[in-house]
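2 protein chains.
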Amino acid sequence: VNTLDASAVVHAYHEAWTSKDFDTAENMLADDLVVEVPINDYPTAKSFAAAVAGTASITTNVDLLAAMSAGDEAMLLYDMSIERLGTLRVAEHFTVNNGKIIRIRQVHDTAPVRAAGLGG
Amino acid sequence: VNTLDASAVVHAYHEAWTSKDFDTAENMLADDLVVEVPINDYPTAKSFAAAVAGTASITTNVDLLAAMSAGDEAMLLYDMSIERLGTLRVAEHFTVNNGKIIRIRQVHDTAPVRAAGLGG
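Protein chains in written order, with the working numbering: chain A, 1 to 120; chain B, 1 to 120.
To be clear, the hints were calculated from the coordinates, so they are not data collected in a lab. As the structure is a prediction and not an experimental result, all values here were calculated from the model. Beta carbons: idealized from backbone N, C-alpha and C, even for Gly. Treat the hints with care, since some could be wrong.
Over 12 Å on every C-beta distance to chain A, these chain B residues come out as not near it, computed from the model [to be verified]:
1) T18
2) S19
3) F22
4) E26
5) A30
6) D32
7) T44
8) A53
9) S81
Chain B stretches covered by chain A per the calculated footprint, using a threshold of three residues with CB under 8 Å from any CB of chain A [what the hints assert, rightly or not]:
10) 63-72
11) 85-93
12) 96-110
Can you build the whole structure from these sequences, using the hints too?
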C-alpha cells in the first residue's frame, strides 16, 4: 500500500479518530483543509479537529459500512452511535494530496443533530 | 466496460433518472430492491421509482461531484437543485447484483426537505 494514496490516508484518519487518537487524526489534515459540512462552520483544520474530538468523545460506536476510492478521492459510509442522539448515518468524501487530507465533505441528516442540541 | 459491473450500472441509473428517462431507471432496480433513506419509506422498487420520478420532476439541475466503486458497490456524491428547496447535497451508496441495483442507501439533510414540505 502506498501510504500517500487516498485509500490508505483516509483509512488511517478514520481509524485514528474512531480510536480517539486525535493527535494522529489532526496530523493527517492539511493546514489549509477545506471543510464542507451541513451544519456548523470550521474555518481551520484545528477547529475541525477539535469538533471531531468533541463528537468522538460522545460516540460509543462507529460501524463502517462502505469504503472506496478513486484517484486522489475516497468515500466512506458509516453509522455513528452518539449519546443523546442515537444512530447517525454519515457519508464522507475526502480529497487527498501528498498524504494529507485537503478537503472533507460530510453528508448527514441535521434534524437529529439539532434535536439533540448539537447544532452550532 | 462490463455492463454488469457496479460502476457501469450505477452511472447508467444516474444518467437515466437525471435525464428523466424513468422507464430505464426503474428497469435497473431489482424487484426486491432494499431502500434505506432518512425520510419517507419505500417498501417496493416501484414506490421508490415513483418517488425518484416525482423528485426529478421538480429538479432543475444535478451536479455530480464524485463517483467511485469497489466490487459490487458504488457511491455517488451530487448536488441537486430542487424547486422551493434550493440545493440539496446527496450521497448514495449502491449494491449491485447481476446488473441490477439491489440496495440503495441515501444520505442527505432532511431539514430543508421538511421545510419545503417534501417530507412524507
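Q: Would you check whether the claim that S81 of chain B is not at the interface survives, using Cβ distances to chain A and the 12 Å cut-off?
A: holds (16 Å)
Q: Take a quick look at A53 of chain B and tell me if its Cβ sits farther than 12 Å from every Cβ on chain A, holds or violated.
A: holds (23 Å)
Q: Against chain A, does D32 of chain B hold up as non-interface, every C-beta pair farther apart than 12 Å?
A: holds (20 Å)
**Q.** 12 Å cut-off, C-beta based - T44 of chain B kept clear of every residue in chain A
**A.** Holds: least Cβ distance 22 Å, greater than 12 Å.
Q. Can we trust that E26 of chain B is non-interface, i.e. its beta-carbon lies farther than 12 Å from all of chain A?
A. E26 of chain B clear of chain A: closest Cβ-Cβ about 24 Å, beyond 12 Å.
**Q.** Coverage of the segment 63-72 of chain B by chain A, judged on three or more residues with CB within 8 Å
**A.** Since three or more residues must qualify, the claim that chain A covers the segment 63-72 of chain B holds, with 6 doing so at under 8 Å.
Q. So is A30 of chain B really clear of chain A, every C-beta pair being over 12 Å apart?
A. holds (18 Å)
(Q) Closer than 8 Å Cβ to Cβ for three or more residues is the test here. Does the segment 96-110 of chain B pass it with chain A? (A) Since three or more residues must qualify, the claim that chain A covers the segment 96-110 of chain B holds, with 5 doing so at under 8 Å.
Q: Confirm or reject the coverage of the segment 85-93 of chain B by chain A under the rule of 3 or more residues with a beta carbon closer than 8 Å to the chain's beta carbons.
A: holds (count 4)
(Q) For S19 of chain B, is the shortest CB-to-CB distance to chain A above 12 Å, so the non-interface label stands? (A) Holds, because the least Cβ-Cβ distance between S19 of chain B and chain A comes to about 23 Å, which exceeds 12 Å.
(Q) Does T18 of chain B clear chain A by more than 12 Å, comparing its Cβ with all Cβ atoms of that chain? (A) holds (18 Å)
Q | Status of the stated non-contact between F22 of chain B and chain A (beta carbon gap over 12 Å) | A | holds (25 Å)
Consistency with the previously given hints is maintained throughout, with no hint failing.
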